[in-house]
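There are 2 protein chains.
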Amino acid sequence: MRATLKIAEFIMAAKPPAAARQRAATALCDTVGVILAGASEAAAKIIRRTVVAESHGNCRVLGTAVRASAADAALANGVAAHAHDYDDMCFVSMAHPSCALVPSIVAAGEITGASGSAVLDAYIAGFEVECCLGLVMNPRHYHERGWHCTSSIGTLGAAAAAARLLGLDAPSIVHTLGIAASLACGLKENMGSMVKPLHAGMAARNGVMAARLAKAGFIASEQSLDGPQGYLAAMDSQKPPSALADAATDLGSRWEILDSGIAVKLYPSCAATHPPLDALLGLKRRHNIAADDIAGIDVEADSMTPRLLIHPRPSTPLEAKFSMPFCAAAAIVFGHPTLETFHMEKIGDPRIQKLLPLVTLRANRDFDPAAHLSQANVTVRLKDGRTVQERADGARGYPGRLTDDELSTKFLACAERSLTHTAALQALDVLRAIETRSDISDLTQLCSTVSESQGVLERDFIERKS
Amino acid sequence: MRATLKIAEFIMAAKPPAAARQRAATALCDTVGVILAGASEAAAKIIRRTVVAESHGNCRVLGTAVRASAADAALANGVAAHAHDYDDMCFVSMAHPSCALVPSIVAAGEITGASGSAVLDAYIAGFEVECCLGLVMNPRHYHERGWHCTSSIGTLGAAAAAARLLGLDAPSIVHTLGIAASLACGLKENMGSMVKPLHAGMAARNGVMAARLAKAGFIASEQSLDGPQGYLAAMDSQKPPSALADAATDLGSRWEILDSGIAVKLYPSCAATHPPLDALLGLKRRHNIAADDIAGIDVEADSMTPRLLIHPRPSTPLEAKFSMPFCAAAAIVFGHPTLETFHMEKIGDPRIQKLLPLVTLRANRDFDPAAHLSQANVTVRLKDGRTVQERADGARGYPGRLTDDELSTKFLACAERSLTHTAALQALDVLRAIETRSDISDLTQLCSTVSESQGVLERDFIERKS
Chain A
506 MRATLKIAEF IMAAKPPAAA RQRAATALCD TVGVILAGAS EAAAKIIRRT
556 VVAESHGNCR VLGTAVRASA ADAALANGVA AHAHDYDDMC FVSMAHPSCA
606 LVPSIVAAGE ITGASGSAVL DAYIAGFEVE CCLGLVMNPR HYHERGWHCT
656 SSIGTLGAAA AAARLLGLDA PSIVHTLGIA ASLACGLKEN MGSMVKPLHA
706 GMAARNGVMA ARLAKAGFIA SEQSLDGPQG YLAAMDSQKP PSALADAATD
756 LGSRWEILDS GIAVKLYPSC AATHPPLDAL LGLKRRHNIA ADDIAGIDVE
806 ADSMTPRLLI HPRPSTPLEA KFSMPFCAAA AIVFGHPTLE TFHMEKIGDP
856 RIQKLLPLVT LRANRDFDPA AHLSQANVTV RLKDGRTVQE RADGARGYPG
906 RLTDDELSTK FLACAERSLT HTAALQALDV LRAIETRSDI SDLTQLCSTV
956 SESQGVLERD FIERKS
Chain B
506 MRATLKIAEF IMAAKPPAAA RQRAATALCD TVGVILAGAS EAAAKIIRRT
556 VVAESHGNCR VLGTAVRASA ADAALANGVA AHAHDYDDMC FVSMAHPSCA
606 LVPSIVAAGE ITGASGSAVL DAYIAGFEVE CCLGLVMNPR HYHERGWHCT
656 SSIGTLGAAA AAARLLGLDA PSIVHTLGIA ASLACGLKEN MGSMVKPLHA
706 GMAARNGVMA ARLAKAGFIA SEQSLDGPQG YLAAMDSQKP PSALADAATD
756 LGSRWEILDS GIAVKLYPSC AATHPPLDAL LGLKRRHNIA ADDIAGIDVE
806 ADSMTPRLLI HPRPSTPLEA KFSMPFCAAA AIVFGHPTLE TFHMEKIGDP
856 RIQKLLPLVT LRANRDFDPA AHLSQANVTV RLKDGRTVQE RADGARGYPG
906 RLTDDELSTK FLACAERSLT HTAALQALDV LRAIETRSDI SDLTQLCSTV
956 SESQGVLERD FIERKS
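Order-wise, the sequence lines are chains A and B. For our numbering, count along the first sequence from 1 and bump the result up by 505. For our numbering, count along the second sequence from 1 and bump the result up by 505.
One chain only, chain A, in its complex shape (with noise of 0.2 Å):
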């Protein structure tokens, strides 16, 4: 059978255990935070005056009260989901899963009524899907030619859980496959810019236009994946694409999302920064380190950190995410990085602008064996004259390590950057007991209820659309 046919069945078909639903609940949790905090960041404004501002719809754009179509809600919550690059990660993929397929599962599930287990069913197909195609195209496709994952195997996932969720059959759920694979893209040369949450909103949305096309009659090729100029060939993936067959063989025999799970950030920077900070963070409180101590400090990673972290001299809040200087000398000024960490003032601090030039990091081949970014080593200099060293080994939000209140204290922190206080709570307790939830709506609407004063009304932007 074909590769596309049988991921498409699977897809249709899949029925995913309760622990990979409990993954599932947890992302969906610490996404729909994420995004509650992005909503007000400068690209989800932007996306949503230029681009949501001409949709009609009555999907929720959450921490705002604007509605809009399927697809540009799907754009808007994708944008603002990725907009602090504090959503999760997944190392098999080597996306940002959640980003993109929560916005995507949102949407679908509003638009067909969905209830909390079918949406959560719909993420786990999505995410399985994504995690197949990265085992086939990873590293090469992300490491070396440089697609952002995120969007380029996250328009996929998200088509995915699209076609799921609007109760496609096999053959309509390959035409789907076959368009989002033509709008698959995403370029890592933009990290650190507004592109790069774009590129989740652009998954997002078109996973959700893909998967409606396709409900609408919307014809594709029946081998856009693994076809001689199909996806796998044109984004250059690690393995042949008749790879692609024997991979889709385990999907529904084995879950991804438990095996190598997803890794939930309690840092708003790169996923790459977080073993260093983990072990500089451990130092700094073991030393009773101040930034006057610090002769130098010297971050050791494995060889895919340094092509993800370019900009050591950050000019904006963007780029000082993907900068291994500023998140250590953040750090080491300003304790465990938090979304006020990411700031101009910040970043202009005389302290932090000292700091950077003591701060080197280098490759250590030796890393590459394990799991991408899992391994760090951080060697402090001291004045003083003496050296602190400490290895990592993944960071505190990697699969099994996350506790509850570490993921709640996150969400409400997130949340209560467009709810009030109770509301975040509310939408705590729903996304808590989402599998019970008969209705999706439940969850989006109380994550629209924003106050005046607190959350993102625009009201000239409704006026406008009115």
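The set of hints was computed from the structure by calculation and includes no laboratory data. Bear in mind that the values here come from a model prediction, so they are computed numbers and not experimental data. Possibly wrong hints are sitting among the right ones.
[Unchecked claim] The calculated lysine to any residue pairs, modelled on SDA-like cross-linking and capped at a C-alpha distance of 25 Å, are:
hint, chain 1, residue 1, chain 2, residue 2
1, B, 744, A, 812
2, B, 720, A, 821
3, A, 744, B, 873
4, A, 851, A, 841
Mind docking chain B on chain A? Use the hints.
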């Protein structure tokens, strides 16, 4: 100077010569025609009813009474432009240039109230940018890697044209190109399906969106095109990214629209079928060949052709456009291929089905050093033992060969699929004098005044929106 900035400065300041504007005016005329012909095709209808129905705005969807946002009107017009595969070709960008450029300049021209000469200059800026990229990237990008340049390169052209009409400064055009570079996509595997015209629509849509986002302050990388993880690297350019700066140096000193030109299609099938069709129709006429006389038709072409004509036994009209056997058989049975040739009943015609297995296509690498899709050799073996043969070098619609009469005849046959004969003649008059019109809306208004019987009014669609 960085390549991206150099290109941006060209887009902002390009002053095309009069001869270039004439070529652009021909392309505009031809493309408005094929949009009016394509508006009633299935792919265009699904796009209007699925995506454009959810859009607000005053930009016209040609051949219909529908209006939408600039980006969504560009999407709809782009899909219509490419729906018949009857729109023009460029052998340097290896794109169908106008199916993305014209919808972009029409939409951006409408929202800015641009003059005819301003939209022609924007067209040329976009066209030259596409050629500049094509010179660096092709043929590997298109031929070996399987990217559909109409979209993968066309997105950048459409963005350039829109940015020019929006009057952006060079730094904002750099951001426009950076956004567009991250949205560029489109797989050749989808040739012969509805996704192929969608590629044109998405290129136009994303180009317009990129320019509008940049105007609103959206930020991208400053080296999106030639950075180490940028567009050229991801898309597997033929030459190294550093070659772009050299290619960009030529911009404005010579004009590819004059040097290599634009090939207008006189048959609504893949451009690779045109030289063989010219040769075969010549043989048929001179030797008075009927279907029953034929023992075999052997077509030789360059090695790119078999990777384009991927449907030897087509089952749909769209596949038939990418089928050398079908096109050859149809030329014998029905004569000069027209829009009417590519219908299901023609594919099922017993005379066609009998001829299909008698047609062979093979690559002759001796043809490769010449211009792509220019060389063909057609041998017809007759049942009476005779063998006749004809060689083609290019096709009738190729640059410098097209006559005014051929252009007008094609335009009217296309336009009358949406407009009355009188309106089509009026539109042709406006297009012939486009350089003197003070507002492009003269044209778009005329192309949207459709009669209920003839045009695509979509009453239900409009009622739903109001």
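Here is what the structure says about each hint:
1. B:744 / A:812: Distance of about 22 Å is within 25 Å: holds.
2. B:720 / A:821: Holds, at about 19 Å.
3. A:744 / B:873: violated (30 Å)
4. A:851 / A:841: holds (14 Å)
Hint 3 alone, counting from the list given before, is not met by this structure.
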